[in-house]
Amino acid sequence: MPALTALLLGLWCLERGGGLWRDESVTWQVAHRPLGGLWELLGQVDAVHGLYYLLIHGVFLAWDGGLWALRLPSVAATALAAAGVAALARRLAGERAALIAGVVYAVLPPVQMYAQEGRSYALVAAAVVWATYLMLCRRWAAYAAVLLIGCWLHEFAVLALPAHAVTAWRSRGWRLAAGAVAVLLLPLALVSARQAEQQLGWLGRPTWQDWTAYGVLAGAVLLLARGAAERDLVRVAVPLALLPPGVLMAVSLVHPWYVDRYVLYSLAGLALLAGARLAAVRWGAVRGRWPWAAAAALLVPCALWSAWLRTPESRKDDARAVAAAVREAARPGDAVVFLPSRRREWLLSSPETYGGLRDVALDRTPAASRSLQGTELPSVELREALIASPRVIVLLDPAEEPVDPYPREAVKRQTLAAWFDLCSVTAVRGARVAVYAAPGTCEP
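In our numbering, the protein residues as written are 2 to 445.
Some hints could be false.
[What the hints assert, rightly or not] Straight-line distance between alpha carbons at most 20 Å, and here's what the computed EDC-like set of lysine to aspartate or glutamate pairs gives:
#1 317 x 405
#2 317 x 402
#3 317 x 401
No wet-lab data here; the hints were simulated from the structure.
Predicted model only: the values in this text are computed from it and were never measured.
Assemble the whole structure, with the sequences as input and the hints as a guide.
So, in C-alpha coordinates, the structure goes:
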(Lines of atoms letter the chains of each structure in order from A and count residues from 1; the text may use other names and numbers.)
(Lines give C-alpha, C1' and ligand atoms only; values in the text may rest on other atoms or scores of the structure.)
Protein backbone atom coordinates (compact mmCIF):
# COMPACT_ATOMS: atom_id res chain seq x y z
CA MET A 1 0.00 0.00 0.00
CA PRO A 2 2.72 2.63 0.76
CA ALA A 3 4.52 1.90 -2.50
CA LEU A 4 1.25 1.98 -4.44
CA THR A 5 0.27 5.27 -2.78
CA ALA A 6 3.62 6.81 -3.69
CA LEU A 7 3.36 5.48 -7.25
CA LEU A 8 -0.13 6.87 -7.81
CA LEU A 9 0.79 10.25 -6.33
CA GLY A 10 3.90 10.34 -8.51
CA LEU A 11 1.99 9.56 -11.70
CA TRP A 12 -0.73 12.10 -10.90
CA CYS A 13 -0.12 15.05 -13.31
CA LEU A 14 3.46 13.92 -13.83
CA GLU A 15 4.01 16.40 -16.66
CA ARG A 16 3.03 19.33 -14.37
CA GLY A 17 1.32 21.16 -17.21
CA GLY A 18 4.42 20.81 -19.38
CA GLY A 19 6.57 22.86 -16.99
CA LEU A 20 10.32 22.23 -16.73
CA TRP A 21 12.39 24.23 -14.27
CA ARG A 22 16.04 25.05 -14.82
CA ASP A 23 17.60 22.23 -12.76
CA GLU A 24 15.55 19.68 -14.69
CA SER A 25 16.54 21.45 -17.89
CA VAL A 26 20.18 20.81 -16.94
CA THR A 27 19.42 17.11 -16.51
CA TRP A 28 17.61 17.01 -19.86
CA GLN A 29 20.36 18.62 -21.91
CA VAL A 30 23.29 16.93 -20.13
CA ALA A 31 21.74 13.45 -20.33
CA HIS A 32 21.24 13.93 -24.08
CA ARG A 33 24.95 14.52 -24.68
CA PRO A 34 27.07 11.70 -26.15
CA LEU A 35 28.68 9.53 -23.51
CA GLY A 36 32.13 10.93 -24.27
CA GLY A 37 30.90 14.50 -23.97
CA LEU A 38 29.14 13.68 -20.73
CA TRP A 39 32.34 12.22 -19.28
CA GLU A 40 34.30 15.32 -20.31
CA LEU A 41 31.73 17.57 -18.64
CA LEU A 42 31.96 15.73 -15.33
CA GLY A 43 35.68 16.37 -15.22
CA GLN A 44 34.91 20.11 -15.19
CA VAL A 45 31.62 20.51 -13.33
CA ASP A 46 28.68 18.64 -11.78
CA ALA A 47 30.63 15.49 -10.90
CA VAL A 48 28.39 15.23 -7.82
CA HIS A 49 25.51 14.35 -10.17
CA GLY A 50 27.56 12.19 -12.51
CA LEU A 51 26.06 8.78 -11.71
CA TYR A 52 22.55 10.21 -11.96
CA TYR A 53 23.27 11.78 -15.35
CA LEU A 54 24.62 8.45 -16.60
CA LEU A 55 21.45 6.73 -15.40
CA ILE A 56 19.17 9.22 -17.19
CA HIS A 57 21.40 9.01 -20.26
CA GLY A 58 20.67 5.29 -20.32
CA VAL A 59 16.94 5.94 -19.86
CA PHE A 60 16.91 8.31 -22.84
CA LEU A 61 18.83 5.81 -24.95
CA ALA A 62 16.22 3.17 -24.18
CA TRP A 63 13.21 5.50 -24.47
CA ASP A 64 13.37 9.21 -25.21
CA GLY A 65 9.94 9.81 -23.73
CA GLY A 66 10.23 13.49 -22.84
CA LEU A 67 9.08 14.56 -19.39
CA TRP A 68 7.80 11.06 -18.58
CA ALA A 69 11.19 9.48 -19.23
CA LEU A 70 12.89 12.29 -17.29
CA ARG A 71 10.72 11.94 -14.17
CA LEU A 72 9.68 8.27 -14.01
CA PRO A 73 12.93 7.19 -12.28
CA SER A 74 12.10 9.58 -9.42
CA VAL A 75 8.55 8.23 -9.21
CA ALA A 76 9.82 4.66 -9.02
CA ALA A 77 12.47 5.61 -6.45
CA THR A 78 9.87 7.31 -4.24
CA ALA A 79 7.71 4.19 -4.33
CA LEU A 80 10.77 2.14 -3.38
CA ALA A 81 11.58 4.55 -0.53
CA ALA A 82 8.00 4.37 0.80
CA ALA A 83 8.25 0.58 0.76
CA GLY A 84 11.56 0.87 2.62
CA VAL A 85 10.04 3.09 5.31
CA ALA A 86 7.26 0.52 5.72
CA ALA A 87 9.83 -2.28 5.99
CA LEU A 88 11.71 -0.37 8.68
CA ALA A 89 8.52 0.34 10.64
CA ARG A 90 7.39 -3.28 10.34
CA ARG A 91 10.68 -4.51 11.77
CA LEU A 92 10.67 -1.98 14.61
CA ALA A 93 6.99 -1.44 15.45
CA GLY A 94 4.75 -3.95 13.68
CA GLU A 95 2.41 -4.25 10.72
CA ARG A 96 0.06 -1.39 11.55
CA ALA A 97 2.90 1.08 12.03
CA ALA A 98 4.42 -0.14 8.75
CA LEU A 99 1.30 0.71 6.78
CA ILE A 100 0.87 4.15 8.36
CA ALA A 101 4.56 5.15 8.28
CA GLY A 102 4.95 4.20 4.62
CA VAL A 103 1.85 6.13 3.61
CA VAL A 104 2.86 9.14 5.73
CA TYR A 105 6.21 9.24 3.93
CA ALA A 106 4.51 9.03 0.53
CA VAL A 107 2.14 11.93 1.22
CA LEU A 108 4.66 14.35 2.76
CA PRO A 109 4.65 17.41 0.43
CA PRO A 110 8.46 17.57 -0.06
CA VAL A 111 8.46 13.87 -0.93
CA GLN A 112 5.66 14.42 -3.46
CA MET A 113 7.56 17.38 -4.91
CA TYR A 114 10.81 15.54 -5.60
CA ALA A 115 8.98 12.42 -6.75
CA GLN A 116 8.13 14.46 -9.85
CA GLU A 117 11.50 16.01 -10.59
CA GLY A 118 14.20 14.95 -12.99
CA ARG A 119 16.88 15.18 -10.30
CA SER A 120 18.60 12.66 -8.06
CA TYR A 121 17.04 13.41 -4.65
CA ALA A 122 14.29 10.77 -4.69
CA LEU A 123 16.81 8.11 -5.72
CA VAL A 124 19.18 9.16 -2.93
CA ALA A 125 16.33 8.92 -0.42
CA ALA A 126 15.50 5.38 -1.56
CA ALA A 127 19.15 4.32 -1.20
CA VAL A 128 19.49 5.76 2.30
CA VAL A 129 16.20 4.24 3.51
CA TRP A 130 17.09 0.77 2.29
CA ALA A 131 20.65 1.10 3.61
CA THR A 132 19.11 1.83 7.01
CA TYR A 133 17.03 -1.33 6.74
CA LEU A 134 20.07 -3.39 5.77
CA MET A 135 21.93 -1.92 8.76
CA LEU A 136 19.22 -3.28 11.07
CA CYS A 137 19.50 -6.66 9.35
CA ARG A 138 23.31 -6.53 9.85
CA ARG A 139 23.94 -7.28 6.19
CA TRP A 140 27.04 -5.15 6.08
CA ALA A 141 28.26 -5.77 2.54
CA ALA A 142 24.83 -4.97 1.10
CA TYR A 143 24.55 -1.98 3.44
CA ALA A 144 27.85 -0.55 2.21
CA ALA A 145 26.96 -1.14 -1.44
CA VAL A 146 23.52 0.49 -1.25
CA LEU A 147 24.69 3.49 0.78
CA LEU A 148 27.64 3.95 -1.56
CA ILE A 149 25.25 4.07 -4.53
CA GLY A 150 23.30 6.77 -2.70
CA CYS A 151 26.50 8.72 -2.05
CA TRP A 152 27.58 8.49 -5.67
CA LEU A 153 24.13 9.72 -6.73
CA HIS A 154 24.68 12.72 -4.43
CA GLU A 155 27.55 12.77 -1.97
CA PHE A 156 25.57 14.44 0.83
CA ALA A 157 23.99 11.03 1.36
CA VAL A 158 27.14 10.44 3.40
CA LEU A 159 25.50 12.51 6.15
CA ALA A 160 23.42 9.43 6.89
CA LEU A 161 26.55 7.89 8.43
CA PRO A 162 26.45 10.07 11.59
CA ALA A 163 22.79 9.13 12.02
CA HIS A 164 23.56 5.44 11.59
CA ALA A 165 26.48 5.73 14.00
CA VAL A 166 24.08 6.55 16.84
CA THR A 167 22.35 3.22 16.24
CA ALA A 168 25.18 0.92 15.23
CA TRP A 169 28.49 2.38 16.46
CA ARG A 170 29.20 -0.57 18.73
CA SER A 171 29.02 -2.99 15.81
CA ARG A 172 32.39 -3.79 14.29
CA GLY A 173 30.59 -4.73 11.06
CA TRP A 174 29.09 -1.26 10.81
CA ARG A 175 32.42 0.44 11.42
CA LEU A 176 34.05 -1.59 8.65
CA ALA A 177 31.15 -0.90 6.25
CA ALA A 178 31.14 2.81 7.07
CA GLY A 179 34.88 2.98 6.51
CA ALA A 180 34.51 1.26 3.14
CA VAL A 181 31.84 3.78 2.09
CA ALA A 182 34.06 6.70 3.11
CA VAL A 183 37.09 5.33 1.27
CA LEU A 184 35.20 4.49 -1.93
CA LEU A 185 33.49 7.90 -1.91
CA LEU A 186 36.85 9.68 -1.66
CA PRO A 187 37.52 9.91 -5.45
CA LEU A 188 34.20 11.69 -6.01
CA ALA A 189 34.80 13.92 -2.97
CA LEU A 190 38.21 15.01 -4.30
CA VAL A 191 36.85 15.84 -7.75
CA SER A 192 33.75 17.63 -6.46
CA ALA A 193 35.84 19.61 -3.94
CA ARG A 194 37.68 21.21 -6.87
CA GLN A 195 34.30 22.09 -8.39
CA ALA A 196 32.67 23.29 -5.15
CA GLU A 197 32.95 27.04 -5.82
CA GLN A 198 31.49 26.68 -9.31
CA GLN A 199 28.91 24.16 -8.14
CA LEU A 200 27.74 25.75 -4.89
CA GLY A 201 28.97 29.33 -5.12
CA TRP A 202 25.41 30.60 -5.59
CA LEU A 203 24.41 29.45 -2.08
CA GLY A 204 24.30 31.67 0.99
CA ARG A 205 24.37 30.67 4.63
CA PRO A 206 21.17 29.22 6.12
CA THR A 207 18.51 31.91 6.51
CA TRP A 208 16.26 32.43 9.51
CA GLN A 209 13.56 30.62 7.54
CA ASP A 210 15.87 27.58 7.25
CA TRP A 211 16.56 27.63 10.99
CA THR A 212 12.86 28.06 11.75
CA ALA A 213 11.96 25.11 9.52
CA TYR A 214 14.62 22.99 11.22
CA GLY A 215 13.29 24.04 14.62
CA VAL A 216 9.76 23.01 13.64
CA LEU A 217 11.08 19.66 12.37
CA ALA A 218 13.09 19.08 15.56
CA GLY A 219 10.11 19.99 17.73
CA ALA A 220 7.82 17.60 15.86
CA VAL A 221 10.39 14.79 15.97
CA LEU A 222 11.08 15.17 19.69
CA LEU A 223 7.36 15.45 20.49
CA LEU A 224 6.62 12.26 18.58
CA ALA A 225 9.57 10.47 20.16
CA ARG A 226 8.59 11.46 23.70
CA GLY A 227 6.90 8.57 25.41
CA ALA A 228 7.07 6.31 22.35
CA ALA A 229 6.97 2.64 23.34
CA GLU A 230 9.25 1.47 20.51
CA ARG A 231 12.65 2.60 21.80
CA ASP A 232 14.54 0.85 18.99
CA LEU A 233 12.52 2.80 16.45
CA VAL A 234 13.30 6.05 18.29
CA ARG A 235 17.03 5.26 18.22
CA VAL A 236 16.83 4.84 14.43
CA ALA A 237 14.33 7.58 13.53
CA VAL A 238 15.44 10.55 15.64
CA PRO A 239 19.09 10.62 14.42
CA LEU A 240 17.97 10.03 10.83
CA ALA A 241 15.52 12.93 11.01
CA LEU A 242 17.73 15.46 12.79
CA LEU A 243 21.43 14.77 12.22
CA PRO A 244 21.79 15.04 8.39
CA PRO A 245 20.08 18.46 8.10
CA GLY A 246 21.57 19.65 11.40
CA VAL A 247 25.13 18.73 10.43
CA LEU A 248 24.74 20.27 6.96
CA MET A 249 23.37 23.51 8.42
CA ALA A 250 26.21 23.69 10.93
CA VAL A 251 28.81 23.13 8.18
CA SER A 252 27.06 25.79 6.09
CA LEU A 253 27.91 28.43 8.67
CA VAL A 254 31.47 28.11 7.33
CA HIS A 255 30.90 26.64 3.84
CA PRO A 256 27.41 27.63 2.56
CA TRP A 257 26.22 24.29 1.21
CA TYR A 258 22.76 23.90 2.75
CA VAL A 259 19.70 23.20 0.61
CA ASP A 260 16.89 21.18 2.18
CA ARG A 261 16.49 18.86 -0.81
CA TYR A 262 20.08 17.64 -0.35
CA VAL A 263 18.90 15.79 2.79
CA LEU A 264 15.38 14.86 1.65
CA TYR A 265 15.93 11.36 3.03
CA SER A 266 15.82 12.68 6.61
CA LEU A 267 12.02 12.87 6.29
CA ALA A 268 11.98 9.07 6.55
CA GLY A 269 12.77 9.48 10.25
CA LEU A 270 9.79 11.78 10.75
CA ALA A 271 7.51 9.32 8.90
CA LEU A 272 8.70 6.42 11.09
CA LEU A 273 7.87 8.29 14.27
CA ALA A 274 4.51 9.49 12.98
CA GLY A 275 3.58 5.98 11.87
CA ALA A 276 4.49 4.45 15.21
CA ARG A 277 2.56 7.02 17.24
CA LEU A 278 -0.53 6.92 15.01
CA ALA A 279 -0.50 3.11 15.08
CA ALA A 280 -0.55 3.24 18.88
CA VAL A 281 -3.76 5.30 18.94
CA ARG A 282 -6.87 3.27 19.71
CA TRP A 283 -9.14 4.91 17.19
CA GLY A 284 -12.19 3.05 18.40
CA ALA A 285 -11.82 4.71 21.77
CA VAL A 286 -11.70 8.24 20.35
CA ARG A 287 -14.76 10.14 21.58
CA GLY A 288 -16.41 13.22 20.18
CA ARG A 289 -16.21 14.91 16.82
CA TRP A 290 -13.32 17.29 17.36
CA PRO A 291 -10.48 14.79 16.60
CA TRP A 292 -12.09 13.94 13.28
CA ALA A 293 -12.74 17.61 12.53
CA ALA A 294 -9.10 18.40 13.30
CA ALA A 295 -7.96 15.59 10.98
CA ALA A 296 -10.19 16.89 8.19
CA ALA A 297 -8.88 20.43 8.74
CA LEU A 298 -5.34 19.11 8.18
CA LEU A 299 -6.26 17.07 5.12
CA VAL A 300 -7.78 19.99 3.21
CA PRO A 301 -4.64 22.18 3.06
CA CYS A 302 -2.51 19.09 2.36
CA ALA A 303 -4.73 18.23 -0.61
CA LEU A 304 -4.57 21.80 -1.90
CA TRP A 305 -0.79 21.83 -1.51
CA SER A 306 -0.51 18.51 -3.35
CA ALA A 307 -2.55 19.91 -6.24
CA TRP A 308 -0.40 23.05 -6.36
CA LEU A 309 2.80 20.97 -6.47
CA ARG A 310 1.61 19.61 -9.80
CA THR A 311 1.55 23.01 -11.50
CA PRO A 312 4.44 24.89 -13.16
CA GLU A 313 3.98 27.66 -10.56
CA SER A 314 5.30 25.38 -7.80
CA ARG A 315 8.89 25.69 -9.10
CA LYS A 316 11.28 28.63 -9.23
CA ASP A 317 10.91 29.09 -12.96
CA ASP A 318 9.64 27.38 -16.09
CA ALA A 319 12.07 26.95 -18.98
CA ARG A 320 9.29 25.81 -21.32
CA ALA A 321 7.25 28.96 -20.59
CA VAL A 322 10.33 31.12 -21.18
CA ALA A 323 10.93 29.42 -24.52
CA ALA A 324 7.29 29.97 -25.50
CA ALA A 325 7.56 33.68 -24.63
CA VAL A 326 10.74 33.94 -26.72
CA ARG A 327 9.02 32.31 -29.69
CA GLU A 328 6.20 34.83 -29.37
CA ALA A 329 8.54 37.83 -29.26
CA ALA A 330 11.34 36.83 -31.63
CA ARG A 331 11.77 37.24 -35.36
CA PRO A 332 14.05 35.04 -37.48
CA GLY A 333 17.65 36.12 -37.08
CA ASP A 334 17.16 38.11 -33.88
CA ALA A 335 20.03 38.19 -31.44
CA VAL A 336 19.57 36.68 -27.98
CA VAL A 337 21.43 37.65 -24.81
CA PHE A 338 21.25 36.05 -21.39
CA LEU A 339 21.52 38.19 -18.26
CA PRO A 340 23.17 36.45 -16.44
CA SER A 341 24.85 33.99 -18.81
CA ARG A 342 23.84 30.95 -16.73
CA ARG A 343 20.23 31.60 -17.78
CA ARG A 344 21.17 30.19 -21.18
CA GLU A 345 19.81 27.03 -19.56
CA TRP A 346 16.26 28.34 -20.18
CA LEU A 347 16.67 27.75 -23.94
CA LEU A 348 19.15 24.86 -24.12
CA SER A 349 16.35 22.36 -23.50
CA SER A 350 14.31 23.95 -26.35
CA PRO A 351 16.72 23.66 -29.31
CA GLU A 352 13.93 24.38 -31.80
CA THR A 353 13.65 27.89 -30.29
CA TYR A 354 17.31 28.49 -29.48
CA GLY A 355 18.45 27.38 -32.94
CA GLY A 356 16.51 30.18 -34.66
CA LEU A 357 18.33 32.92 -32.76
CA ARG A 358 21.87 34.32 -32.87
CA ASP A 359 23.53 33.91 -29.48
CA VAL A 360 25.83 36.90 -30.00
CA ALA A 361 27.64 36.59 -26.66
CA LEU A 362 28.49 32.91 -27.06
CA ASP A 363 32.13 31.99 -27.67
CA ARG A 364 32.09 28.19 -27.23
CA THR A 365 29.01 26.01 -26.94
CA PRO A 366 28.33 23.99 -23.80
CA ALA A 367 29.47 20.79 -25.50
CA ALA A 368 32.64 22.35 -26.97
CA SER A 369 33.59 24.03 -23.69
CA ARG A 370 32.75 20.95 -21.57
CA SER A 371 30.49 23.11 -19.45
CA LEU A 372 26.80 23.44 -18.63
CA GLN A 373 26.07 26.80 -20.27
CA GLY A 374 29.03 27.45 -22.56
CA THR A 375 31.57 30.28 -22.44
CA GLU A 376 31.12 33.86 -23.61
CA LEU A 377 33.20 36.32 -25.65
CA PRO A 378 35.61 38.77 -24.01
CA SER A 379 33.94 42.01 -23.01
CA VAL A 380 35.18 44.10 -25.99
CA GLU A 381 34.09 41.55 -28.61
CA LEU A 382 30.81 40.98 -26.79
CA ARG A 383 30.04 44.72 -26.87
CA GLU A 384 30.81 44.98 -30.60
CA ALA A 385 28.68 41.94 -31.46
CA LEU A 386 25.79 43.34 -29.45
CA ILE A 387 25.97 46.81 -31.03
CA ALA A 388 25.91 45.21 -34.49
CA SER A 389 22.56 43.56 -33.76
CA PRO A 390 19.50 45.63 -34.75
CA ARG A 391 17.10 43.68 -32.50
CA VAL A 392 17.88 41.72 -29.33
CA ILE A 393 15.85 39.32 -27.19
CA VAL A 394 17.14 39.54 -23.62
CA LEU A 395 16.39 36.92 -20.98
CA LEU A 396 16.57 38.28 -17.45
CA ASP A 397 15.94 37.22 -13.88
CA PRO A 398 12.89 38.70 -12.13
CA ALA A 399 13.21 42.39 -11.23
CA GLU A 400 13.63 41.70 -7.52
CA GLU A 401 16.68 39.46 -8.06
CA PRO A 402 20.11 41.10 -7.52
CA VAL A 403 22.15 41.59 -10.69
CA ASP A 404 25.43 39.74 -11.18
CA PRO A 405 28.48 41.98 -10.56
CA TYR A 406 30.74 40.23 -13.09
CA PRO A 407 32.35 42.48 -15.76
CA ARG A 408 30.78 40.76 -18.79
CA GLU A 409 27.32 41.05 -17.27
CA ALA A 410 27.91 44.76 -16.58
CA VAL A 411 29.04 45.26 -20.21
CA LYS A 412 25.81 43.70 -21.46
CA ARG A 413 23.68 45.96 -19.27
CA GLN A 414 25.62 49.11 -20.17
CA THR A 415 25.57 48.39 -23.91
CA LEU A 416 21.85 47.71 -23.96
CA ALA A 417 21.14 50.91 -22.01
CA ALA A 418 23.40 53.07 -24.23
CA TRP A 419 22.66 51.71 -27.72
CA PHE A 420 19.12 50.34 -27.65
CA ASP A 421 15.54 51.22 -26.81
CA LEU A 422 13.60 48.91 -24.54
CA CYS A 423 10.54 47.91 -26.57
CA SER A 424 8.75 45.49 -24.25
CA VAL A 425 9.14 43.29 -21.18
CA THR A 426 7.14 40.10 -20.64
CA ALA A 427 7.11 38.53 -17.18
CA VAL A 428 7.20 34.73 -17.18
CA ARG A 429 7.37 32.37 -14.21
CA GLY A 430 10.74 33.16 -12.61
CA ALA A 431 12.01 35.18 -15.58
CA ARG A 432 11.55 38.20 -17.84
CA VAL A 433 11.77 38.31 -21.63
CA ALA A 434 12.71 41.79 -22.90
CA VAL A 435 12.89 43.06 -26.47
CA TYR A 436 15.47 45.73 -27.32
CA ALA A 437 15.82 47.44 -30.69
CA ALA A 438 17.95 50.13 -32.33
CA PRO A 439 16.70 53.62 -31.41
CA GLY A 440 13.43 54.53 -33.09
CA THR A 441 12.74 51.03 -34.48
CA CYS A 442 10.46 49.60 -31.79
CA GLU A 443 7.11 48.50 -33.13
CA PRO A 444 3.98 50.19 -31.70
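Hints versus structure:
1. 317 x 405: Holds: residue 317 and residue 405 sit about 18 Å apart, inside 20 Å.
2. 317 x 402: Holds - the C-alpha atoms of residue 402 and residue 317 are around 12 Å apart, at most 20 Å.
3. 317 x 401: 13 Å, holds
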